[in-house]
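Construct the complete structure from the given sequences, taking the supplied hints into account.
There are 2 protein chains.
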Amino acid sequence: MAKVKAKKNKQPIILITNDDGVTAPGIRALVEAVKGLGKIVVVAPDKPQSGMGHAITIGSPLRMQKVNVFEGVEAYSTSGTPVDCVKLAVDKVIHSKPDICLSGINHGANHSINVIYSGTMSAALEASIESIPSIGFSLLDLSIEADFTAAKKYARILVEHVLNSKQQDKHLCLNVNIPKGEENLIKGIKICRQAYAKYEEEFDERKDPHGRRYYWLTGEFINFDKGKDTDVWALTNNFVSVVPVQFDLTNHLLKTKLEKNWKF
Amino acid sequence: MAKVKAKKNKQPIILITNDDGVTAPGIRALVEAVKGLGKIVVVAPDKPQSGMGHAITIGSPLRMQKVNVFEGVEAYSTSGTPVDCVKLAVDKVIHSKPDICLSGINHGANHSINVIYSGTMSAALEASIESIPSIGFSLLDLSIEADFTAAKKYARILVEHVLNSKQQDKHLCLNVNIPKGEENLIKGIKICRQAYAKYEEEFDERKDPHGRRYYWLTGEFINFDKGKDTDVWALTNNFVSVVPVQFDLTNHLLKTKLEKNWKF
Numbered sequence: 001m002a003k004v005k006a007k008k009n010k011q012p013i014i015l016i017t018n019d020d021g022v023t024a025p026g027i028r029a030l031v032e033a034v035k036g037l038g039k040i041v042v043v044a045p046d047k048p049q050s051g052m053g054h055a056i057t058i059g060s061p062l063r064m065q066k067v068n069v070f071e072g073v074e075a076y077s078t079s080g081t082p083v084d085c086v087k088l089a090v091d092k093v094i095h096s097k098p099d100i101c102l103s104g105i106n107h108g109a110n111h112s113i114n115v116i117y118s119g120t121m122s123a124a125l126e127a128s129i130e131s132i133p134s135i136g137f138s139l140l141d142l143s144i145e146a147d148f149t150a151a152k153k154y155a156r157i158l159v160e161h162v163l164n165s166k167q168q169d170k171h172l173c174l175n176v177n178i179p180k181g182e183e184n185l186i187k188g189i190k191i192c193r194q195a196y197a198k199y200e201e202e203f204d205e206r207k208d209p210h211g212r213r214y215y216w217l218t219g220e221f222i223n224f225d226k227g228k229d230t231d232v233w234a235l236t237n238n239f240v241s242v243v244p245v246q247f248d249l250t251n252h253l254l255k256t257k258l259e260k261n262w263k264f
Numbered sequence: 001m002a003k004v005k006a007k008k009n010k011q012p013i014i015l016i017t018n019d020d021g022v023t024a025p026g027i028r029a030l031v032e033a034v035k036g037l038g039k040i041v042v043v044a045p046d047k048p049q050s051g052m053g054h055a056i057t058i059g060s061p062l063r064m065q066k067v068n069v070f071e072g073v074e075a076y077s078t079s080g081t082p083v084d085c086v087k088l089a090v091d092k093v094i095h096s097k098p099d100i101c102l103s104g105i106n107h108g109a110n111h112s113i114n115v116i117y118s119g120t121m122s123a124a125l126e127a128s129i130e131s132i133p134s135i136g137f138s139l140l141d142l143s144i145e146a147d148f149t150a151a152k153k154y155a156r157i158l159v160e161h162v163l164n165s166k167q168q169d170k171h172l173c174l175n176v177n178i179p180k181g182e183e184n185l186i187k188g189i190k191i192c193r194q195a196y197a198k199y200e201e202e203f204d205e206r207k208d209p210h211g212r213r214y215y216w217l218t219g220e221f222i223n224f225d226k227g228k229d230t231d232v233w234a235l236t237n238n239f240v241s242v243v244p245v246q247f248d249l250t251n252h253l254l255k256t257k258l259e260k261n262w263k264f
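Taken in order, these protein sequences are the chains called P and D. Quick note: the first sequence, position 163, residue 163 per the working numbering, numbers continuous. Quick note: the second sequence, position 158, residue 158 per the working numbering, numbers continuous.
Fair warning: there could be bad hints in the mix.
Note that identical chains are pooled: a pair holds if it fits in a single copy or bridges any two copies.
Cross-link-like lysine to any residue pairs, in silico, SDA-like; alpha carbons within 20 Å at most [as the list claims (entries may be wrong)]:
#1 Lys-47 <-> Ser-60
#2 Lys-47 <-> Pro-61
#3 Lys-180 <-> Glu-130
#4 Lys-35 <-> Ile-94
#5 Lys-180 <-> Ala-150
#6 Lys-47 <-> Ile-58
#7 Lys-92 <-> Arg-212
#8 Lys-226 <-> Lys-255
#9 Lys-153 <-> Ala-75
#10 Lys-47 <-> Thr-57
#11 Lys-257 <-> Glu-160
I should point out that these hints are in silico values taken from the structure, not numbers from a laboratory.
Written out as structure tokens, the structure reads:
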């Protein structure tokens, strides 16, 4: 594989975080995947933070402590959300902006609308807001014993590709999902758009031992998008999906329409 | 003001939520602002949930109870996030999709990048994912004693406008911010794009009584965007800002660029 060009003769600093917590197998796989590509610093939540979206902690203070989880890699766990981890890493650990921020590898899919709920992708997006190129990785396998072999291979390819890119978009943020299963079944990498696919929610209503109601969020995943250029299509067809994402939520088409039609 | 057209001879159902909690003055102001425009149902967090972004509760169950907070208005508080509230309202309270979902009125600005961290706007965006037109309202005044007079006036104008629109975009989602201060100083409503303005974070590092470090998130707001078509510009110039937002995070420009330049 190509060697990574060091900026200003220094090896690139690679910040790694996730939303499954610092002890999850997925983040260990990501650290292993990019070993040798730069100086790795891990700042990750001390507990699972799935579904935390872009939450930040403003009503209470944060804790952070050095942990010895990855051999030869500087690592910290924090009491915060994945987005908090990125902010803490920049301000209190690295004391500058890393060359790239990687998030994951998530245990479970983050394609289509999941990008919005995902702590993994919100951490990556936060880095991108801070002008740090970033990639979030997710494997379509929820199991704690998931096989990360293929995910690691494609993570390394993509990270090398971004680090070696001459014309870097400073707000580059990629949402990468890897199909479950054998490495040799994967057909390659596909640049995609986010599918319009979402969960049809249904709460599981139960009663506690005191007779009071409580609700578990459950839901069925439905793909409303028939396009062949989406992440869901790519994954269904055994491609690694890469969706470039952005933090500008402006609906420019609708903006133009409203400017034309809305009179007050 | 124009009367709202009832769909199928029924009055529209207006779902109201927020992120400051069901007892916040801002949600009371929003309920008062739209009284008479439809049947109002409130489902809001039982405690402040600011900065929760698009977080959902998946690791623990949710509680929900009927509360008597607004005279003559069906209302519930939940232990969940603002996004959870929207999901619970649709599945367990209204048992169908409301005609519109309103969120706020938030105590504090949600312009520019704040749209991503904001529980108020994430609730609105969640409704939009569910094909429910939605508006999030925020007043540029953090005070618990903020004057909501102008915010209420513009909230009513905009809700009537959306409910009366003939060609409704089912994914319509508006991020509305109202300047602080006297109603008569406001120059009108401006359709805008999201400014590239963000916080430069700095954590306030302290030591607890046991000598262990902890960190408070603080930050200075900086506007990097010189455009005159942004929400920050509009608000600085005493306009009510309206940014149409979307949940498709695909960076289509970058997608095209990567498709052209990236070869694996």
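Of all the hints numbered above, which does this structure not satisfy? Sort the numbers upward. Numbers 3 and 9, in rising order.
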